[in-house]
Amino acid sequence: MGLDASSVIEIIIHSIFAEARYIFIEIIMMLKFRRSPIQNAANPYYPG
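Here the sequence shown is numbered in the working numbering, starting from 5 and rising by one per residue.
One thing to keep in mind: the hints can contain errors.
FRET-style restraints, in silico, Cβ to Cβ [what the hints assert, rightly or not]:
| id | residue 1 | residue 2 | range |
| --- | --- | --- | --- |
| 1 | Ser-11 | Phe-37 | 36 to 42 Å |
| 2 | Ser-10 | Glu-30 | 26 to 32 Å |
| 3 | Ile-27 | Leu-7 | 22 to 28 Å |
| 4 | Phe-37 | Ile-16 | 41 to 47 Å |
Note that these hints are calculated values from the structure, not bench results. Note that the Cβ used here is the ideal one computed from N, Cα and C, for glycine as well.
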């Protein structure tokens with residue numbers, strides 16, 4: 005199964021959207037819990 009240009013572009017777009025969705029969820033969680041990154045790092049129960 006060879007990868008042509010269109011399938012490569014499709015894979016790139018899918019990975020960008022997956023990353024953007026992950027970042028968006030992270031921002032929502034940060035706004036929801038009002039935690040700074042320092043508090044997140046200090047909290048061993050914080051996922052990630």
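Okay, the hints, checked on the actual structure:
no., hint, verdict
1, Ser-11 with Phe-37: 36 to 42 Å, "holds (39 Å)"
2, Ser-10 with Glu-30: 26 to 32 Å, "holds (31 Å)"
3, Ile-27 with Leu-7: 22 to 28 Å, "holds (26 Å)"
4, Phe-37 with Ile-16: 41 to 47 Å, "violated (32 Å)"
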